[in-house]
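Engineer: This is what each chain is made of:
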Amino acid sequence: MLVVKDLHVSVEGKEILKGLDLTINKGEVHAIMGPNGAGKSTLSSVIAGKDGYEVTAGTITYKGEDVLEMAVEERARAGLLLGFQYPVEIPGVKNVYLLKAALNAKREAEGLGEIPAPEFMKLIREKLAFMQMDASFLQRAVNEGFSGGEKKRNEILQMLVLEPKLVMLDEIDSGLDIDALKVVAKGVNSLRNEDRAVLMVTHYQRLLEHIVPDHIHVLIDGRIVKSGDKSLALELEAHGYDWLQEETA
Amino acid sequence: MTALATAPVPGSEAFTSEFAARKPRFSADPSWMAARRQAGIARFEALGLPTRKVEAWKYTDTQSLGRQAYQLADDATLSSAVMDELALAIDAYRLVFVDGLYNAELSDVAGLPDTVRVVPLSHAILHQPEVVGGSLNRLTGIDFTPFVALNSAFTEEGAVIQVGPRTVLDKPVYALFISRAAVDGQPVTMSHPRLLMQLGSRAEASVIEHHIGETGATNFTNLVAEVMLERGAVLNHYKLGEAATGETHIASVQVEQPRDSQYRSVNLNTGGGLVRNDIVCDLNGNNAHARLDGLFFGRDRQHVDTHTLVNHNEALTFSDENYKGILADRARGVFNGRVLVKRDSQKIEAHQNNANLLLSDRAEINTKPELEIYADDVKCSHGTTTGQLDEGAVFALRARGIDEQTARGLLTLAFANEVMTGLGIDAIAERIERSVAGRLPSRFHLDELVDLSVELAGGTVAVARDEDFA
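So the sequence lines, in the order shown, correspond to chains A and B. First residue of the first sequence: 6, per the working numbering; consecutive thereafter. First residue of the second sequence: -18, per the working numbering; consecutive thereafter.
Okay, chain B solo, but in the shape it has when bound (with noise of 0.2 Å):
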């Protein structure tokens, strides 16, 4: 019996040899910082990861994890030729992470207002503890999931964001975490990153999280970020997830909106092998809006879960939510959407959409809507609909002498592109059309059609509308 209590959960050593190891690694925290990693990792030795017996992660295997060893990063080298191929072309405020670690050549975040900070974690913790001391963790606890445990164990290293109030940031800030290809015989390289983001009243920013990997990176990831926004405050938060497909992916965003503060999260994933992200919104005062839109679209053998919870727990909040899903080959998708209204969150409206496109007979997905409901004056709304391309569509652009495959890539694209108009940020729309377009053959010149259309719109043609005719 003893032994049995005592044994570490299976899974769990492959993460706890490395913490003991890495022990010399962390010297340097301050006592705080060293108090919450401990209590993180016993609350990982105590949890493991999760298994399919829990709900929340029925449809997701993450067992495997434990079954290799792991690593953390050394240097965060890498050339800024590798960086300008994979980086989003764009202008922001940025920080640049490599296998988890800051890269302060590649970053720059010249030109901040003064009442905006911009640093690395890893600074934070060291100069500035009244900065992050008390706000790291608050959201999250150490036990919303066990990765989230893993995190305060390991974390290290992340971007933590500041506006002060009513300050309206002119650029987006871009954290932009690379992950490089693995190196044969050497253990699966992991990260464990954080992201903080504080909005002041009244302010605005957007921020661009993007994950990407080189060809042949194995990473794991394992991410927390934690969204305080003060009364007002605007927030676009924009997640690109382009991991390599051998690479593991999994956060946890959880996100405390008060009166009049607007979220709004886009969450676009194309890359990774295993990706599981988890979005929670509280919405605590009056009129605060959480708007959570994304597209997934997996292909080969990827898995990719997204489980999203907002918590309505004030009166005259508001939440729409609209995700799609395009399922290629024997990927697989998981989408659970929950929505919590408490008791007395009279007149609050929360609308809920998930639509999927399975392109093939093997691809799957696991969808469920959850709506709880302890008011009695509410607007609620949820749909899911899963199905393949419209034949008769298809046949329709054949018959105009498109070729099948670019037929079908055209209507695929045409799912997508729901979610990208009204994106806000070009870059990423273009980034996420041309990833899903990726099998349309290369004659099709996207992005002169785009420019194309673009043209004609401001164009003066000779108009004459059907009502004439009426």
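Just chain A, same shape as in the assembly (with noise of 0.2 Å):
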């Protein structure tokens, strides 16, 4: 589904990835884990078209199409949706605005009409509930005066309406306590199945204890430095990730 093959990317200059190569098939749940300034925010940004990457080398294919080549809007429409770290505060604009300009979006891309305004209330009233939202989140702006769960669980409420190809989860638990964490868990799983990847950036095994993630990619300085299923993170949690610098210094 989506290829990264030596993927070289700077920041203003600095090199922050290094040679990056990923693979990831339909069906599968990947988690990235590695110390702070690794790159791990980067990897989901570039692939979702955030200004301010540079991408020197490499490439990023996503069903054999040319991902660098899309435009942003291209990238969410063909199911390429990244749930940001910090959900950008947009007053004035309704959710409710918000989602069905980017459910039509998407739908005119897939040669579908506009969805009809009874199929798209029910539609929606469903998924508030399930991430349990109260219907005023609709009124409101987005995420304007929201706590961080409240940004969190919209993120995961758009993910559910849109239904992306390739969920990706940058931090998603950063700024939850463990009840939302579980809400939000519920609503990334309950997006699981055989066409559908997720790909998830966290600092923290707690995260993988609720999503639990087929492939375990651990990347330091730029580069992965080791992959395995989900029983390193145990590794990580005991060890850390002195061991594994050591072993690629």
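In short, the hints are calculated from the structure, not lab data. Since the model is a prediction, treat every value here as computed from it, not as a measurement. No residue lacks a Cβ here, since even glycine has one placed at the ideal position from N, Cα and C. Be a bit skeptical, because a hint or two may be false.
A few chain B positions that, by computed beta-carbon distances, are all more than 12 Å from chain A [said to hold, decoys possible]: (1) A1; (2) P31; (3) T32; (4) D42; (5) A163; (6) R240; (7) R319; (8) A408; (9) R412.
Just some of the chain B residues that point at chain A, by a computed CB distance under 7 Å [what the hints assert, rightly or not]: (10) A377; (11) R379; (12) R381; (13) G382; (14) D384; (15) L391; (16) N398.
Fit the two chains together into the complex; they arrive one by one in their own frames, and the hints show the way.
Structural biologist: Set out below in structure tokens:
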């Protein structure tokens, strides 16, 4: 589904990713872990198309298409969706506006017509209830004045409505207490199926107890230095990243 | 020397020659009206069009108005189909003016309460001089600006709105001014309408002043409004500026507010090539409130200038002002908000804010708050901001699949919507929303979204608030 080859990325002239390789097949859940500053967030940001990242070498292909040639919105419509670590507040733009506009943009890209209003209502009510969110969220401006937990739940709500093919989650667990984390994890787990893949970036093993990955990759200094199954997380929890850093040095 | 002294001020001949040519038109004037007309034209001749050397006109050049020929319209013919296309769909007492002249067929004030008078000015001048003779020009005089003098010379039509004491008007009064498309080779059509609004004690009313032009209109409209409130009166004055881009619109509003009166001005402008609005509120009694809200949206080469002045002439008076500007392309905006607090006007509150959004590098805003405070126990604040769309927000929307154009449209609309909140008349809010959202692709279906969010608000969805997780 997604193939990243020898990816080199610089931010303001400083090389952050230094030859990263990663292949994600449909149905798989991948977690990327690593110390601060290793480049974890950079990877998902580059895939989503965020400004300020310069790809100096390497390729990203999604279902055979060159992702780096696609506009930000094209990537999203194709099914590459990033849940932000720090969701942006958008004063004055109601959540319902965003959801409707985004869903219709995706449907148009897929050659479907606009979603009929009653169908949209039904869908949105169902997803809200699933995320244990009040309908009043829809009337509020996107993320404005939301607590940390509300913002993250809102990111997942958008995922549930837009049904991406590759769900990317950048530190979705940061700032969440355990109950909010459970709701977020429930949302993400509900998206798991044989056609969809998940790529999550996290500092903590805690998240992986709730969203159990198939593959774990350790990113240190811009490269994946070790990959393994979910047991790798426990090893990291016990020993930290130092032993891997020494191994790769 | 003599020649210089008697020569008209450059730019005024265009108007004075039309005035001389139109003498017969004003022959039915009662003598008091004729005298005011003469005083007006004499004053204008002496003043001429304002130059940019005058501080109040520093950013708005009106000299070009003196370089074209003018005519007053001779008829007010307009089909009701055209009116329906341009008018707000709203249940109101309606007076319609076409190129400045009253159109009785298109107007409808049926069902007005006995205590309320809504008549065209021409009617009042001829048949009810006692109604307008004393009040016309009482607030503006003839030299508030050269344009007021010019209006005094030429005025012949407008709306006289009088609401008796303790009358709460059930529907808004809708004064609709339509400019017809210009005819090639003809001089520019000009009009000098008047609005006279008088509310008795504890009366309440809403007045919608709507200026709209057919595509291709090039009118010069020069309006003067006078608002006289009595104790405890409440007036909501909406002004919707949708002139065609070839039109010039200049207006001044003077408001007199005694004790316990409330005046709210909602000044929304999306049209016109050159637009200038002056709004002056005199707060003359305890607990008088003035609330001035505005939105101007300019694109191409539109020039929109708003000057407001609030005089806190008495203690315990209150003013709130909130203006937003959105400027695209090479549009220019001017906002000058002046608040004057007289000595001994203690315990007043005056708050003012002007936020502007520039959508292009070549758009321009000149904004200046002016606070002059001669009392020592007051609460005043002012703030201006000018910025561009938040690129982080643009990205956040695009990252959900929304194309860039729609994302920018959504954010622009969001910026404007703050003024629209609590507007009170949905048809106006909707008109402005559509006008601002004009750049959104049609598939966006704003109205459907609004309906949807309303329905959802009343909907029943399983609820669990965030607090439950704390």
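Engineer: Quick check on the hint: A377(B) CB to chain A CB, less than 7 Å?
Structural biologist: Cβ of A377(B) sits 4 Å from chain A, so the hint holds.
Engineer: Hey, does the D384(B) contact hint survive, CB to chain A under 7 Å?
Structural biologist: With a closest approach of 5 Å, the D384(B) hint holds.
Engineer: Answer holds if the nearest beta-carbon of chain A is closer than 7 Å to that of G382(B); otherwise answer violated.
Structural biologist: This interface hint holds because 4 Å falls under the 7 Å limit.
Engineer: Going by Cβ atoms only, is L391(B) closer than 7 Å to chain A?
Structural biologist: 5 Å, holds
Engineer: According to the definition I'm using, a residue is off the interface if its beta carbon is farther than 12 Å from all beta carbons of the partner; does P31(B) meet that for chain A?
Structural biologist: 37 Å, holds
Engineer: Have a go at the R379(B) hint: is there a Cβ in chain A nearer than 7 Å to its own Cβ?
Structural biologist: 4 Å, holds
Engineer: Looking at A408(B) again, its CB stays over 12 Å from all of chain A?
Structural biologist: A408(B) is indeed farther than 12 Å from all Cβ atoms of chain A, at 21 Å.
Engineer: Checking a non-interface call: every C-beta of chain A should be farther than 12 Å from the C-beta of A1(B). Is that right?
Structural biologist: Answer for A1(B): holds, closest chain A Cβ roughly 53 Å.
Engineer: Can we confirm that no CB of chain A comes within 12 Å of the CB of R319(B)?
Structural biologist: 28 Å, holds
Engineer: Minimum Cβ separation between D42(B) and chain A greater than 12 Å?
Structural biologist: 34 Å, holds
Engineer: Using Cβ atoms and 12 Å as the threshold, tell me whether R240(B) really stays out of contact range of chain A.
Structural biologist: 37 Å, holds
Engineer: Compute the least Cβ-Cβ separation between R412(B) and chain A, then decide whether it is above 12 Å.
Structural biologist: 18 Å, holds
In this structure, none of the earlier numbered hints is contradicted; all agree with it.
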